[in-house]
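*Asks:* Dock chain L against chain B, hints included.
2 protein chains.
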Amino acid sequence: MYYNFNEMLNAIRTKTDKKIVAVAAAHDHEVLECATAARKEQIADFILIGNTEKIKEILISLEEDPDTWTMIEETDDAKAALKAVELASEKKADALMKGLLHTSLFLRALFHKEYGLVPPKALVSQVTVAEYTTQHRLVLLTDCAVNVTPNYAEKVQILNNAVSLAHRLGMDCPKVACITPVEVINEKMPETIDAAMLSKANERGQIKGCLVDGPLALDNALCAEAAKAKSIQSPVAGYADILLMPNLCTGNAMDKSLRYFAELKTGSAVIGANVPIIMTSRSDSAQNKLHAIALSVL
Amino acid sequence: MYYNFNEMLNAIRTKTDKKIVAVAAAHDHEVLECATAARKEQIADFILIGNTEKIKEILISLEEDPDTWTMIEETDDAKAALKAVELASEKKADALMKGLLHTSLFLRALFHKEYGLVPPKALVSQVTVAEYTTQHRLVLLTDCAVNVTPNYAEKVQILNNAVSLAHRLGMDCPKVACITPVEVINEKMPETIDAAMLSKANERGQIKGCLVDGPLALDNALCAEAAKAKSIQSPVAGYADILLMPNLCTGNAMDKSLRYFAELKTGSAVIGANVPIIMTSRSDSAQNKLHAIALSVL
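Keeping their order, the protein sequence lines are chains B and L.
Here the first sequence stands for residues 140 to 437, where the numbers follow this note's numbering.
Here the second sequence stands for residues 140 to 437, where the numbers follow this note's numbering.
Keep in mind the hints are simulated off the structure, nothing from the lab.
Incorrect hints may have been included.
Identical chains share a label here; the pair holds if one copy fits it or two copies do between them.
With a cut-off of at most 25 Å between alpha-carbon atoms, the simulated SDA-like pairs for lysine to any residue come out as follows [unchecked claim]: (1) LYS367 with GLN426; (2) LYS327 with ASN290; (3) LYS404 with TYR378; (4) LYS404 with ARG276; (5) LYS158 with GLU202; (6) LYS367 with SER424; (7) LYS230 with HIS275; (8) LYS231 with LYS367; (9) LYS230 with VAL295; (10) LYS327 with LEU403.
In this text, all values refer to a predicted model and were calculated from it rather than measured experimentally.
In isolation and in its complexed conformation, chain B is listed as follows (with noise of 0.2 Å):
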């Protein structure tokens, strides 16, 4: 089990046989810096596909050899997205990487039925890692910037995608908490039926993989004695490993105070395809990048 991101850069690197990013329109200084790091640190191999003129000059301004790196010519930012999308398909790449292209172009790539990179019934959702410094450990919150008003059913497939990745990370059974603004059923408040649900289907059966409780408020979730306080008897409170937010409102809010309040290390994931895929922001620091690159080959 890897409890922070260091664990988890040494065991990638000890690894002999290096996972391929495919990078949808690469030509762009930062994407570029963003490899570059990731291939210095033995994170990851790339395939660069874009305008390859533009990507030898940022290369060449980055002190690389550009004959060192592997290059696709495709100046189309659509036909650079499906480029990439074939190479995964074909299991030419281990995973894909956004560019400098527009996201709904990256993804209506993604979705193409051709390649079958999403299966019919799969979901694509997005988890955010994060070094939880204070417990020594890390924690996941999922989903903060894929699916906006997740229903039940969604939930469920946002939770699973969240216990594969926990499972990567090696949580044998990682703990959910299913996030509400308080700990109580309140049916004005659809967020805690949601989580009795999912808790009870966890229980069912229904859930596999993982031990699913909630309604939590985050206090509860985190700290033990914030969960005694509240007289609320659960393996879960006080030691969840996967936050499961309850729509994306809150999951982005919460991803962006933990970089901005918290200034803690983290690292996201947009997992559910055949493949992961790597779509970082451009507020995001190099050392995050980084880190999304890592949980994508992991």
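*Replies:* Structure of chain L alone, referenced to chain B:
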């Protein structure tokens, strides 16, 4: 202007007329511990309403002389709450504090028409004040605890309540960011529509005493560089004093994230009635409870 809680506490200490806090159902160890600390710190004086026998016992256990405290015997919780409200309506108390009784009983007394503490068109809302240590200043979050899914008109009132508190904290023209997951208008995210309305209403002079902008994601609101990366031109972006939350779910998670992930010093106030109200949570630290009392007597 106060840049941290210590400055605020010092300013209150130097005032010669101590404010009086009426505590409903004061017979509780944690509540009296908090009152004792506030009195020692010269933040406020108290009228303790409740089971006076128990109150005396607890005070003695806290090494306090019960004879130095003002008490009113009332063992019925509902009546104790009404007594506190009565004292406030008669200007014999400057703030109300919830002790060991159900929130619903406490609020019922507060909204009791006879005492008129909450004018018919007023809206009671909650504000969390946090020491944003990295930027050496205070930041306000609202509403994290009272209004579940405020509509536009209610958001205007929540905003105005927070602005009045910001003025008390010495912020002449606080910058208000309407927090959403994205910084663009997205008709599928109703909070971005409310944010645009609030922003324009401020521009047209319908909301005064502050500078409002939104939709803004949390990173854009707090970090000038993140705002620049998204090409956002706004005097609020990067420097928000007040974070207007789109709903309770988001506000509550954010509030708790400040305490449990970021470990910031916080304090909360319930405002909008004719007197400030102190409703702390059992899981709050003693220091944060002291801040709550200080904010209410400000």
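*Asks:* Take the hints in turn and mark each one as holding or not.
*Replies:* Hint check results:
{"no.": "1", "hint": "LYS367 with GLN426", "verdict": "between (36 Å within a copy, 19 Å between copies)"}
{"no.": "2", "hint": "LYS327 with ASN290", "verdict": "both (16 Å within a copy, 15 Å between copies)"}
{"no.": "3", "hint": "LYS404 with TYR378", "verdict": "both (19 Å within a copy, 23 Å between copies)"}
{"no.": "4", "hint": "LYS404 with ARG276", "verdict": "both (11 Å within a copy, 23 Å between copies)"}
{"no.": "5", "hint": "LYS158 with GLU202", "verdict": "within (23 Å within a copy, 66 Å between copies)"}
{"no.": "6", "hint": "LYS367 with SER424", "verdict": "between (37 Å within a copy, 14 Å between copies)"}
{"no.": "7", "hint": "LYS230 with HIS275", "verdict": "neither (36 Å within a copy, 50 Å between copies)"}
{"no.": "8", "hint": "LYS231 with LYS367", "verdict": "neither (51 Å within a copy, 37 Å between copies)"}
{"no.": "9", "hint": "LYS230 with VAL295", "verdict": "neither (28 Å within a copy, 54 Å between copies)"}
{"no.": "10", "hint": "LYS327 with LEU403", "verdict": "neither (33 Å within a copy, 31 Å between copies)"}
The structure does not agree with the numbered hints 7, 8, 9, 10 stated previously, though it agrees with the rest.
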